[in-house]
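Protein chains: 2
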Amino acid sequence: MSVVVVGSVALDSVKTPFGERANALGGSAVYFSYSASFFSDIKLVGVVGRDFPTPHLDLLRRRKINLDGLQVADGETFRWSGFYEYDLNEAKTLDTRLNVFEKFSPNLPDAYRNADCVFLANIDPDLQIRVLRQVRRPKLIAADTMNLWISTKKESLKALCREIDILVLNDGEARQLSGKASLIQAGRLIQSWGPKFVVVKKGEHGVLLFSKKNVFAAPAYPLEEVFDPTGAGDTFAGGFIGYLNKKGNRLDENTLHQALFYGTVMASFTVEKFSLERLLTVRPPDIKRRLTVLHRMSRPSTL
Amino acid sequence: MSVVVVGSVALDSVKTPFGERANALGGSAVYFSYSASFFSDIKLVGVVGRDFPTPHLDLLRRRKINLDGLQVADGETFRWSGFYEYDLNEAKTLDTRLNVFEKFSPNLPDAYRNADCVFLANIDPDLQIRVLRQVRRPKLIAADTMNLWISTKKESLKALCREIDILVLNDGEARQLSGKASLIQAGRLIQSWGPKFVVVKKGEHGVLLFSKKNVFAAPAYPLEEVFDPTGAGDTFAGGFIGYLNKKGNRLDENTLHQALFYGTVMASFTVEKFSLERLLTVRPPDIKRRLTVLHRMSRPSTL
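Going line by line, the protein sequences match chains R and D.
Note that our numbering numbers the first sequence so that position 65 is 65, with each residue one more than the last.
Note that our numbering numbers the second sequence so that position 226 is 226, with each residue one more than the last.
I should point out that these hints are in silico values taken from the structure, not numbers from a laboratory.
Please note that a few of the clues may not be correct.
Copies of the same chain look alike in the list, so a pair counts if it works inside one copy or between any two.
[To be verified] Here are the simulated DSSO-like cross-link-like pairs (lysine-lysine), alpha carbons at most 27 Å apart as the crow flies:
1. LYS288 to LYS213
2. LYS15 to LYS180
3. LYS15 to LYS153
4. LYS273 to LYS180
5. LYS273 to LYS154
6. LYS288 to LYS273
7. LYS288 to LYS212
8. LYS273 to LYS213
9. LYS196 to LYS15
10. LYS15 to LYS288
11. LYS288 to LYS158
12. LYS180 to LYS64
13. LYS213 to LYS202
14. LYS213 to LYS158
15. LYS92 to LYS202
16. LYS103 to LYS273
17. LYS180 to LYS202
Note that this is a predicted model, so its numbers are computed, not measured.
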């Protein structure tokens, strides 16, 4: 079982009410991979510049994440800088420098093309589709997206929707993409465009998963304080997809529901410190412990 | 087992994007009572004016709600008018006329004073305390409140907190009362002021319940459309407290958690039409059906 993920590998500069970091390891493919590596074998597709610090790569290799698909291009690594205000619900972007990402054309190593699961993290939907064309009959295809592509490449995104099993997006994006204020209507409508399942991430309010007929929910892990929400969504997706892959890409509702809880637990670590700082100290028993809390939190044990 | 509830009995004029009603039956004690009457015997304390339509009273009596504690005073019934915009999350008040409520002094009939459960719906906390002084050793005391009392009578509210088992309030009120942006911190802080449990209502995002050590969650019922949210919070409290009372006022975490689900189901009916229009057609099997959906929605059945 293995997951191919394509997405950004970035150097993030982030400021929150609790402190700041410059040029810290980040990017959707990085958060996803690190989180998913607790459940499955991960193969990463992306690009960095010649300036990318080697220790960051070591840190991914230590989790046995395969980096054969990570191109190193002339130029600088993708950089994002932004900040959060006290409510921490919305990242305000100060600057995005695509750098080597601008001319990125994903090209999968041969060993990647037989992966049974593909996660298309948030990048241009045309690139997401280009990656899909390079894999042979994966059993599970999931994708994430963002407001930028919803406003600039909606048709590509809808084309992508017809080819994937699961779309993961946040509540604001679900409302924007569907044009519906009701999240229940939004999830159902997007689901009708193709994905068998739609996952709507709601930050402190947890997640919803829409199947053809049903809706499933998981609350957020009850942290007293969120330190830095950067990467929470990608870390969630890593736990969610990694767990599904570990379970043989089963998409029955019980497995999917359990996967929501794993994703939620992984995201709860990421937001406790900057960058991957907290994830680096996570051990499997920590995951188990938080999973138990989340289960008890969600339904009376006598049912 | 019986619940004494004190709160408003009102004539509401409401406008939503879907229509409007003038002088419809409303008020916190009314929504609470009607909802709780599916689980327990209800005794209502409140006041109406001579203008209050008799059919409204018949409708409550048909649910065997005891109205001996409902005073009829000279003057007009309490009136609230307001509207909701498309997001339906916040009621905008156009006009509040206290009328007979202005001089209301709750006075409990003798038969009410031995009730084993008291719900102090949203009224002036000084009146809530006055009601408490008139009951003999109830096993369960719960209260609701609103932003008005948090800004004008915070000390009375904190005094009330020391005498109750459960405080029910919405997310905005919890943040306002605690001064904390994090709902987890807010719930824990308020809980430390006295109530054994704090319930935070989050509208479309469901509810959280805080005990001394744990947090419990229930998602909102997945309605495609919310028609009119007026009374949802009081209907929730009715199902929640009514169920606890039915279970002998047990406050173990499993019973409380189950009660969250019952409250959520009852509220899901109220928001489907104006006033009590939808609640009037609810039968016990409807409640059971939605409860099953909510259970399945909340946790994988294989756990």
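27 Å Cα threshold - placement of LYS202 relative to LYS213:
Answer is both; intra-copy 21 Å and inter-copy 24 Å each pass.
When no copy is specified for LYS288 and LYS212, does a C-alpha distance of 27 Å or less occur within a copy, between copies, both, or neither?
Close across copies (22 Å), not inside one copy (30 Å); limit 27 Å.
Checking LYS15 and LYS180: alpha-carbon separation at most 27 Å within a copy, between copies, both or neither?
between (32 Å within a copy, 20 Å between copies)
Identical-chain pair category, LYS273 with LYS154, by Cα at 27 Å:
Classified as neither; 34 Å inside a copy, 35 Å across copies.
If the cut is 27 Å between Cα atoms, do LYS92 and LYS202 qualify within a copy, between copies, both or neither?
The answer is both: 17 Å in one copy and 25 Å across copies each meet 27 Å.
Evaluate LYS288 and LYS158 at a C-alpha cut-off of 27 Å and name the case that applies: within, between, both or neither.
neither (37 Å within a copy, 38 Å between copies)
Is the C-alpha distance from LYS15 to LYS288 at most 27 Å within one copy, between copies, in both cases, or in neither?
neither (31 Å within a copy, 48 Å between copies)
Since the copies are identical, ignore which copy is meant and state whether LYS288 and LYS273 lie within 27 Å (CA to CA) inside a copy, between copies, both or neither.
For LYS288 and LYS273, the Cα distance is within 27 Å only inside one copy (20 Å; across copies 43 Å).
Homo-oligomer pair classification [LYS202, LYS180; C-alpha up to 27 Å]:
Answer is both; intra-copy 15 Å and inter-copy 20 Å each pass.
Status of LYS15 relative to LYS196 across identical chains (alpha carbons, at most 27 Å)
Neither: 37 Å inside a copy, 37 Å across copies.
Checking LYS180 and LYS64: alpha-carbon separation at most 27 Å within a copy, between copies, both or neither?
Close neither inside one copy (42 Å) nor across copies (41 Å); limit 27 Å.
With identical chains, the pair LYS213 and LYS158 could be close in the same copy or across copies; at 27 Å between alpha carbons, which is it: within, between, both, or neither?
For LYS213 and LYS158, only the intra-copy Cα distance (21 Å) is at most 27 Å; the inter-copy one is 45 Å.
In this structure, the hints that do not hold are numbers 3, 5, 9, 10, 11, 12, 16, in rising order.
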